[in-house]
Every structure is written in structure tokens, then in C-alpha cells.
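**Student:** Residue numbers (the working numbering), protein chains in the order written: chain F, 20 to 272; chain U, 3 to 318.
Treat the hints with care, since some could be wrong.
Only pairs whose alpha carbons sit at most 25 Å apart, straight line, appear in this in silico PhoX-like list of lysine-lysine [unchecked claim]:
#1 F/93 with U/23
#2 U/21 with F/135
#3 F/26 with F/41
#4 F/107 with U/214
#5 U/9 with U/23
#6 F/26 with F/229
Rather than coming from a laboratory, the hints here were simulated on the basis of the structure.
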Amino acid sequence: MHHPIVKISNLDKYFGHLHVLKNISVEVPEKQVVCLIGRSGSGKSTLLRCINFLEDPSHGTIEVDGIKVEAEGKGREHQNLIHDVRLKTGMVFQEFNLFPHMTVLENVIEGPVIVKGMDKNQAIALAERNLDSVGMLFKKDEYPLRLSGGQKQRVAIARALTMEPRVMLFDEPTSALDPELIGEVLNVMKKVAQEGMTMIVVTHEMGFAKEVADRVIVMSEGELIEDTSPEELFSNPKDPRTKALIDRYRTAE
Amino acid sequence: MNTSNQKSQAELLFEAQEKKKGIFRRNVVLSWLGLLLFMIVMFSGIEIRSANNTTSFSTWKFDNIIENGIEKRTRVETIQFSLPFGLPNDGISLATILIDGQFISDNLNFVAGGIAQTIQISILSIILAIILALLAALGRLSSNPFIYALSTFYVSLIRGTPLYLQIFFFFLALPQLGIVLKGLTAGVIALGLNYGAYMSETFRAGIASVSKGQREAAIALGMTPSQTMRRIILPQALRFAIPPMGNDFISMTKDSALVSATGFVQELMWRATKVGRAEFRNLEALVMAAIFYWVMTLLLTSLQARIEARLAKGDR
């Protein structure tokens, strides 16, 4: 077993009185592709967003590539740790969230240049390599407005990759896409996985989970109810709630 | 076959609509020119008079004549031509407003000299206003209660009092506290503070218009809150705020006229009232100033339209 890149221990999250994550502990080793599935409201997105502190967890610890952050931490030291964690994680959003006032290339070099202080030419070289690998180099001088949803998401993936993260977090990356555009994004994600990136993917795409994931975690009502291989999950789901989820997917297919 | 037919029908409909719009626009332009011509005629000094079965067309103008050895400037009529018939309603006369062309040409340069000062006041004030509006808008979004209060207090105080009062406050009230400001300085501070308060609302709306996802994407890249604001939020917010800012600047060029009340800033309005009062030619002086303001506004409006078109075409 590889050394864990992400280690979540005893994580709790409350929204007011609502207990949305219930004492969650999970480890993700290097180069593993994990799919987080579950019905909407199960807490899967919240768990993902706690990893880079887009949501502040209420209790517990998050450890990313050896940087350990306590949920209860305060002050500048705590903020610095969160900042370090964010440098280790790349995030891809459902709504793409490309910066509309910047071209594709500017979007991709923004992080390395502004946050890491990378030399601009070096950042451009790196950005162009990543844009090429997601098949978007030919649009590098376009503004996001002129791209299709699938193209936007591929640029968003290149933007996250150009920060050279240790782990990529995908928050329902294909849910805002027209059905015919989902494939191109999943293919890019598959490629990123094959290149050895550690990935945590919140998704409804069972096909992707089956084909690409090393491991599938099923969530329900803020708990991990199943944590297994995709083969096992699809052939032999243990929890009745997982079974219902799989059955629904089968009938939809 | 059927679809191409439908498409051409839609195109025809579109063309008909475009044509209708074109005719409407042309008629609006013609009506504008008509109204303009009407105004010019109203100030032309022409008189049409019908009496004793003749109809005469005459032009009036001001001239210097000597009466009892004293030179006097007075209205003089020149009959251009007469027609040998009267109008149905005998004794009717149609007179237009006579303005003193000589006075206008004598004072044109002096009044026009105020344009530079008017533009100077407007530019200085708008710069101050933008800075204050930005600070007030950021204050409005602050989670620090004191900074929030400071911002809302400023906006409320300024919006709750007249601009005219504010200009006088800086010019007349502050000297009582030992702070003596030049008319220009007092005017710029008052205009800047006033417009800043109003514009802060525009900026706040602009910042609020940027989606939450933009902030999250920036944070996820590791940007600090100030980098996020500077690189991601503000550029998008400013783009949203540019059209209303253009309107504010145009209003400002006209509100700068209030600074003339201090009596020490030789901008357009001050110069117009000065020469108008001196020779009792307020009508001419104010018409002159009005034309200058109007032309300035027209030029700025077309400039603004061009900037907006460019923004719309670009990368939104």
C-alpha cells in the first residue's frame, strides 16, 4: 500500500443543526482513483469540499500529503496550513467556474503566476502542455464565453493540473453538461487517471466509476455506507441502500 | 424542403421587422432635426406681421444707435420684404425671441474658456468618487461591524443632504473651523464625496453580480482573499459597473455647475452668469452655456455608447 495522500479522520460537519457529515474517516493512497457516489444530499460534495476547506469542517482532521489541519484550528498559522493544503489539491467544479474576463491561456497560468510566483514563460509552457493534453490548445486565445460546456470543463481540468497538485478533486464534473458532451470530459479524466494522478471524484456517472475507479465509496445521510472495489460494488452490493442505487442505475442504462 | 421554406419565412418576417425599425429610426431623426430647426427659428429674431392688407417679413437685431448724443444699444427692425395681401386675421403678428448676436460673439471665447475648468472639475471629482465608492462598497461587504457601519454611515449622511449644501459646507463652513479651502478644492471634495456615495451602490451591485463559484475557483487555486478580490472579483465587477459609471460622469459634468456658487471657480456656469449679469444679457449667456453643456453631454454619450458596444462585443 502506498503512502496516503489524503487522510480524513473523525470528520464532522454541521450546517446549523443539520449534521451533514458524521464522524468520517477515510484514507486515499497515492495514485488511487476514488469515486464518491450517493444520492443528492448524502454529503458527498460537502466531504469533497472539506478536503480543501471550501467548507470548514466542524471537528476532525484533514491531512493532505503530510500537511495536517485540525478543524478547530484558528489564526494565521491555521490559515497558512489551509493555504498549503490548497496548493496540494486541484479542484474541478460542476459549473466550471472559468474566469470569464481571461482567455483560456490566462485562466490556466493565473494560478501558477499569481499564487506560486512562477515565471510567466515557464507557466505558459506548462499551461500549453496541459491544454494540449486535454485537447484544448487550439482554443488558448479564446474567451470562455465562446467554448462549449465540455470544452470549458476540459480547460478547467487543465487549469487545476497546471498547479501541479498531488490530488485532484472533481465535484460532479459532468452534471452541468449536455449528454453528448459528457464523453469528452470523462475521456480527459480517464487520461489524467492513467497518468497516475490521485483523484477523488464525486459523480453520478456509474459507467465512469465502473471503468476507471479503483475504489468506490457510497455515502448516505452523512455516512460512508460502503467502501469497496467497483467490481464488488456492481456484482455484490452489501447495503440495501447501495443495492437501490445500483438497481436504479441498471434500469436507467 | 419544408424546413428551408420555413426558414425563409422567418427571414422575411425578420426583414420586415428590421425595415419597420429602420423607418421608425429615420422618422425619429427627422423629427429631431425638425425640433432643432424650430428652436433655431424661435431664437432667430424673425417677425411676420399682417396689417392693412400687407404681410411683412422682418428681422430684428441689436444695434448701437446715437440718441440725444448718447450711444445706446437697442433693438432695430429691418423689413426684408412685404407681400401685398393680409392674413385672414388682420393685425396678427408672429414674433420670435431676439437674442443679441453681437454679445454672443463678443463673449463666446470667454465663456468657452470655462469648458476646460468644467472638465477638470469633473475628472478630478470622478476619480475621487471612484476611490470612495470602491472603499464604501468593500466596506459594505466587510464582516467587520465598524467598517460596515462606517460605510453605511457615510452613504446615508451624503445621500441625506443636498449637494448644494455640501459644496457650501466645504467652502463656507470649514473656514469657521480654521480650514480654508479654495473654491475648486471644496467643489471637488464635495462632488467626489457626493458621487462616491451614490456610486458605491453601483460597485456593490457589481461585486455581488460575480458568482460565488468565481470566488471558490480562485480560493481553490490558493489565492488569498485580496488576490481574489483584485484579480478575479473586481475586474468582473468593474465591467458591470462601467455603463452606470459613464452615466454618473455625464451627470457630474453638469452638476459641476453648482461649484460656480462658490464664486471662485471660473468654470462654464460661472463665466456665463458673470457676463450675463454684467450686461443684462442673461438670456444669451445662459443659452450659450446650455449649448456647451448639451454638446459636451452628446459627445460623452456617444463615447459611452462606443465603450459599451466594445465591452458587449468582447469577452463577457
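**Student:** Each hint needs a verdict: does it hold in this structure or not?
**Tutor:** Do the hints match the structure? See the list:
{"no.": "1", "hint": "F/93 with U/23", "in the structure": "63 Å, violated"}
{"no.": "2", "hint": "U/21 with F/135", "in the structure": "56 Å, violated"}
{"no.": "3", "hint": "F/26 with F/41", "in the structure": "16 Å, holds"}
{"no.": "4", "hint": "F/107 with U/214", "in the structure": "22 Å, holds"}
{"no.": "5", "hint": "U/9 with U/23", "in the structure": "21 Å, holds"}
{"no.": "6", "hint": "F/26 with F/229", "in the structure": "24 Å, holds"}
Of the numbered hints listed earlier, those contradicted by the structure are 1, 2.
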